[in-house]
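When we follow the numbering used here, the leftmost residue of the sequence shown carries the number 63, and every step to the right adds one.
In case anyone wonders, no lab produced these hints; they're calculated from the structure. Check each hint, because a few of them may be wrong.
What follows is a list of derived Cβ distance ranges for each label pair [unchecked claim]:
#, residue 1, residue 2, range
1, Thr99, Leu255, 27 to 33 Å
2, Arg155, Asp127, 55 to 61 Å
3, Gly217, Val87, 42 to 48 Å
4, Arg215, Ser258, 44 to 50 Å
5, Pro100, Arg120, 32 to 38 Å
6, Ser258, Gly124, 36 to 42 Å
7, Gly124, Lys72, 37 to 43 Å
8, Val270, Glu149, 49 to 55 Å
9, Arg215, Arg78, 43 to 49 Å
Positions of the beta carbon are idealized from the N, C-alpha and C atoms, including for glycine.
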Amino acid sequence: RPTYTPPAMKAATVSRQGGLIDDVVGMATDLPMPTRTPKSNEILIRVLACSLAPGDVRVLKGEADAFQKPKALPYVLGGDVCGVVLEADAKSRFKAGDVIVSMFHEVPFGGLAEFAIVREYASSLKPDALSAVEASTLPSSALTAMFGADHVRNGDRVLILGASGGVGTTLLQLARRAGASHITAATSTQPDLLKSLGADRVIDYTKVNWWEDPELVKNPVDLVFDLSAGTGA
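The whole structure should be built from the sequences, with the hints applied where relevant.
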């Protein structure tokens with residue numbers, strides 16, 4: 063009986079952890095296309111876009127091995143994706159042809175490839191208003207921001223450290239929607255973007271210590287979201 067060999071695909075793979083990205087990340091052209099297990103909550107997609115975040119870098123460097131160590135090397139880089147459903151269980155809420163966004167399962171890997179396996183519980187239909195690239199940036203960052211915004215109460219004064227990243231830019235908007243009366247954003251980049259998203263003030267932490275800012279000393283905040291290692295922000 064002949065053995066089935068999945069079609070080959072292209073993917074960005076990590077040969078070893080640590081070192082310079084150019085030395086450890088390469089393009090593979092002959093990886094077997096992943097196959098899903100029936101009745102397993104798995105979905106096979108054709109990847110349209112994959113976003114990378116600081117968490118992907120930590121895994122690549124080996125800094126998250128205590129809880130996110132790759133099962134084997136080489137591994138396919140990237141976890142948050144947007145793609146077209148090719149195969150799903152018969153009882154899945156998704157069908158072939160649906161465009162979905164998906165967050166990685168436990169360890170961010172497998173996304174930066176032509177095809178990927180995602181989990182139904184961590185997937186949602188792509189919003190029509192967003193491109194595939196835009197949608198792929200949402201799963202991890204937007205979900206984290208939503209958890210943070212749940213703590214914002216009407217009238218709160220909020221400080222967001224490291225506000226120009228994926229979590230920060232989303233959290234800024236959600237905090238405003240939740241009723242924050244004043245939002246201060248600390249960042250080293252893109253102050254105009256943050257103001258356009260709802261920040262009342264933007265502090266450049268490369269020029270001033272935010273904890274010594276006269277306005278914050280005079281009018282303390284109710285909530286601090288630390289997205290950038292505290293005093294290093």
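Exercise for the section: Give me the numbers of the hints this structure contradicts, sorted from smallest to largest. Expected result: 1, 2, 4 and 7
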